[in-house]
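Chemist: Spelled out from the first residue to the last, the chains are:
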Amino acid sequence: MLRLNPDEMAQRVAQDIPDGAYVNLGIGMPTKVANYVSADKQVIYHSENGILGVGPAPAPGEENPNLINAGKQYVTLLPGGCYFDNAESFGMMRGGHLDIAVLGAFQVSSRGDIANWATNNDKFPPAVGGAMDLAVGARQLFVVMRHTTRDNEPKILDECTYPLTGTGVVRRIFTDLAVLDVTTDGLQVVELFGDNTFADVQALTGTRLLPPV
Amino acid sequence: MIDKQVKAAEDAVADIPDGATIMIGGFGSSGIPLQLIEALRCHGASDLTVISNNAGVAEEGIASLLRDGLVKKIVCSFPRSAGSIWFEKRFEEGSVELELVPQGTLSERIRIAGAGIGGFLTPTGYGTRLAEGKETRIIDGKGYVLEMPLHADFALVRAEYADPWGNLTYNTAGRNFNPMMAAAAKTTIAEVGAVVDIGELHPEHVITPGIFVDRVVAEEKCDVAA
Chain A
1 MLRLNPDEMA
11 QRVAQDIPDG
21 AYVNLGIGMP
31 TKVANYVSAD
41 KQVIYHSENG
51 ILGVGPAPAP
61 GEENPNLINA
71 GKQYVTLLPG
81 GCYFDNAESF
91 GMMRGGHLDI
101 AVLGAFQVSS
111 RGDIANWATN
121 NDKFPPAVGG
131 AMDLAVGARQ
141 LFVVMRHTTR
151 DNEPKILDEC
161 TYPLTGTGVV
171 RRIFTDLAVL
181 DVTTDGLQVV
191 ELFGDNTFAD
201 VQALTGTRLL
211 PPV
Chain B
1 MIDKQVKAAE
11 DAVADIPDGA
21 TIMIGGFGSS
31 GIPLQLIEAL
41 RCHGASDLTV
51 ISNNAGVAEE
61 GIASLLRDGL
71 VKKIVCSFPR
81 SAGSIWFEKR
91 FEEGSVELEL
101 VPQGTLSERI
111 RIAGAGIGGF
121 LTPTGYGTRL
131 AEGKETRIID
141 GKGYVLEMPL
151 HADFALVRAE
161 YADPWGNLTY
171 NTAGRNFNPM
181 MAAAAKTTIA
191 EVGAVVDIGE
201 LHPEHVITPG
211 IFVDRVVAEE
221 KCDVAA
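Residue numbers (our numbering), protein chains in the order written: chain A, 1 to 213; chain B, 1 to 226.
Extracted from the complex, chain A is given alone in its bound form:
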């Protein structure tokens, strides 16, 4: 079975980012998406701490410790970019002004519930950050994650078993095996990578999928 690596997954997500979109990329794998959006598209990246127009990493020696992204990495500001406070930044999210948010996840349910901020381990401190605001506020929520855990347990389920980040909010799931859309009829497979078959992907999924049409 073909399993995409994280860069290939980010590359696949990037194909679905349209020209002119305002986009928030979550920390971790989603941040890689910006590396693969083609240069003929103009995409404006939002960073939750208070930036629109996030540019690439600075040259060595040019870092400004104040100018970081949500993942606490040094970034730059593109010409035309701007800064604002955190309350305004989250108003942009909740107010529905961002076209797309891309988040990682522990689990997604067949109805588009997402769990990505806490496990059921009480000794491990939870950390929610901006995930819940993005989940409810972005016009479209994309999730990018491996199809299964490292032990091949399904992460796409009838119901999430980890604490929820948001309910019924995920639009499209990009995994290392396939692309799936959340629809009113259920989870619709829209693309299978390589020679992966519907049966292969269904076998690694904890809920009934709808085959590609």
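For the record, the hints were derived by calculation from the structure and aren't laboratory data.
Using N, Cα and C, we set each Cβ at its ideal position, and we do this for glycine too.
Careful: at least some of the hints might be erroneous.
As the list claims (entries may be wrong) - Facing chain A, from chain B, some residues (calculated, C-beta under 10 Å): (1) Ser81; (2) Thr105; (3) Thr172.
Stated by the list, open to error - Partial selection, computed: residues in chain B whose CB lies under 7 Å from chain A: (4) Thr49; (5) Ser107; (6) Gly174.
Based on the hints, put chain B in the right spot on chain A.
Modeler: Below, chain B without anything else, positioned relative to chain A:
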């Protein structure tokens, strides 16, 4: 003549009592009043409730307050960054209480405290564990959670420039939580890169009007030659 400047950080924090609720600006490494936090640590007020987005990393900032056992409760959105060793240790041993708040709810709770609003309804967190025990409402078919204002006794904020009236400008994304915190606390202490004369800050560039700021401390520049 209004002049809010205080020469030394230690004098600016000297009246912070045990049990105080303190907002601390910053996001990751950005816009943190490190010298005020260090002065607070040396001052030694304990049983503090700290409101901040993160819980500090390594031995710096809020992490140093946690290490020295001065914090009884932390209200934040993302306590677990790479290197948050002191938060993790204190959390695991149960000596610090955590109130986890979604980031946009945290900044809005702080903002409305400064703006005199008694609460707000947000869709964020509806149907999740972080809304348990809170009032909810359905408006036009969408679920909302009632969230209350967050006030503080003191705010420690970081800005780039101040004037003697306490007007503040910021450095890039170092703004983050600082403007809302300045307005939400009874006493706001600003650590700044430099203080300029009255009239030197362009009025269109002032982000935090001086009405929200009580004390201004210029950053102490480290001398390379010792």
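Chemist: Provide an ascending list of the numbers of those earlier hints which the structure does not satisfy.
Modeler: 4
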